Amino acid sequence: SQELEQSPQSLIVQEGKNLTINCTSSKTLYGLYWYKQKYGEGLIFLMMLQKGGEEKSHEKITAKLDEKKQQSSLHITASQPSHAGIYLCGADEYGNKLVFGAGTILRVKS
Amino acid sequence: EPEVTQTPSHQVTQMGQEVILRCVPISNHLYFYWYRQILGQKVEFLVSFYNNEISEKSEIFDDQFSVERPDGSNFTLKIRSTKLEDSAMYFCASSETPGRNSPLHFGNGTRLTVT
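One line per chain: the protein sequences are V and E, in this order.
Residue 1 is where the first sequence starts when you use our numbering, and the numbers rise one by one after that.
Residue 1 is where the second sequence starts when you use our numbering, and the numbers rise one by one after that.
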């Protein structure tokens, strides 16, 4: 079955700094989803990437899909305290059965 | 913005008791899911449901688990005889279509504690 490895496991950044979170799959990626979770709460959908080379942005968050490397990256520009949380990548095994990574905990120091 | 709602937000039950977790998916969505997250672990797929039947289920979803869409709006997960290891956060999700064109939208979860 598909496994997703996220790196780093956690990071602490100063407010205003940029950061990148990576998600690497053990198998070919057909669809990659990024979610944000606040501790003890639900998953908030951020972005969906479907094609190799695809890049999407929402406010200060950009995600890219590198099909050849079986990898996706999530980049936050000029981080703010509101960006703090757990970022999860999920891959579509088949038919919307999502497999998730372990998550990256982001803390933003103001 | 439409959202998936789950009730209750917390449920404490004794081992061996039955629990029903409730969800109201987004109204125009046709595909429904349950996932769970044991504290400190990954979010795991349990089951998907479409057209009043299970489409897919994981190894976790054994005979103790069942799902139902009792009316046009609710989607429920029943655990017949809870075990300590069923303690987890249970998330309901829905999507417009299956496959890779439609993201899953998740509820805020029900925290189930089995004592």
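If you're looking for bench data, these hints aren't it; they were derived computationally from the structure.
None of these values were measured; they are calculated from a predicted model.
Warning: the hint list may mix true and false statements.
[To be verified] Chain V is faced by these chain E residues, among others (derived, beta-carbon under 7 Å):
#, residue
1, Met15
2, Gly40
3, Lys42
4, Phe45
5, Glu56
6, Phe106
7, Gly107
8, Asn108
[Said to hold, decoys possible] No farther apart than 25 Å at their CA atoms in a straight line, the calculated lysine to aspartate or glutamate pairs in the DMTMM-like style are these:
#, chain 1, residue 1, chain 2, residue 2
9, V, Lys69, V, Glu15
10, V, Lys51, V, Glu93
11, E, Lys42, V, Asp66
12, V, Lys38, E, Asp86
Note that the Cβ used here is the ideal one computed from N, Cα and C, for glycine as well.
Each hint, compared with the structure:
1. Because the closest C-beta pair between Met15 (chain E) and chain V is about 23 Å apart, greater than 7 Å, the hint is violated.
2. With 7 Å as the threshold, the beta carbon of Gly40 (chain E) stays out of range of chain V, its nearest partner Cβ sitting at about 9 Å, so the hint is violated.
3. The beta carbon of Lys42 (chain E) is positioned within 7 Å of a beta carbon in chain V (closest approach about 5 Å), and the interface hint is therefore held.
4. With a least beta-carbon distance of about 5 Å to chain V, the hint placing Phe45 (chain E) at the interface is held under the 7 Å criterion.
5. Checking Glu56 (chain E) against chain V: minimum C-beta separation of about 6 Å stays under 7 Å; hint holds.
6. Hint status for Phe106 (chain E): holds, given a least beta-carbon distance of 4 Å to chain V, under 7 Å.
7. This hint holds: Gly107 (chain E) has a C-beta 5 Å from the nearest C-beta of chain V, less than the 7 Å allowed.
8. Checking Asn108 (chain E) against chain V: minimum C-beta separation of about 4 Å stays under 7 Å; hint holds.
9. Between Lys69 (chain V) and Glu15 (chain V) the CA atoms are separated by roughly 30 Å; this puts the pair beyond 25 Å, and the hint is violated.
10. Between Lys51 (chain V) and Glu93 (chain V) the alpha-carbon distance is near 15 Å, which keeps this suggested pair within the 25 Å criterion.
11. The straight-line distance between the Cα atoms of Lys42 (chain E) and Asp66 (chain V) is roughly 23 Å, inside the 25 Å bound, and the hint therefore holds.
12. Distance restraint check for Lys38 (chain V) and Asp86 (chain E): the Cα-Cα separation of roughly 22 Å lies within the 25 Å cut-off, and the hinted pair is therefore satisfied.
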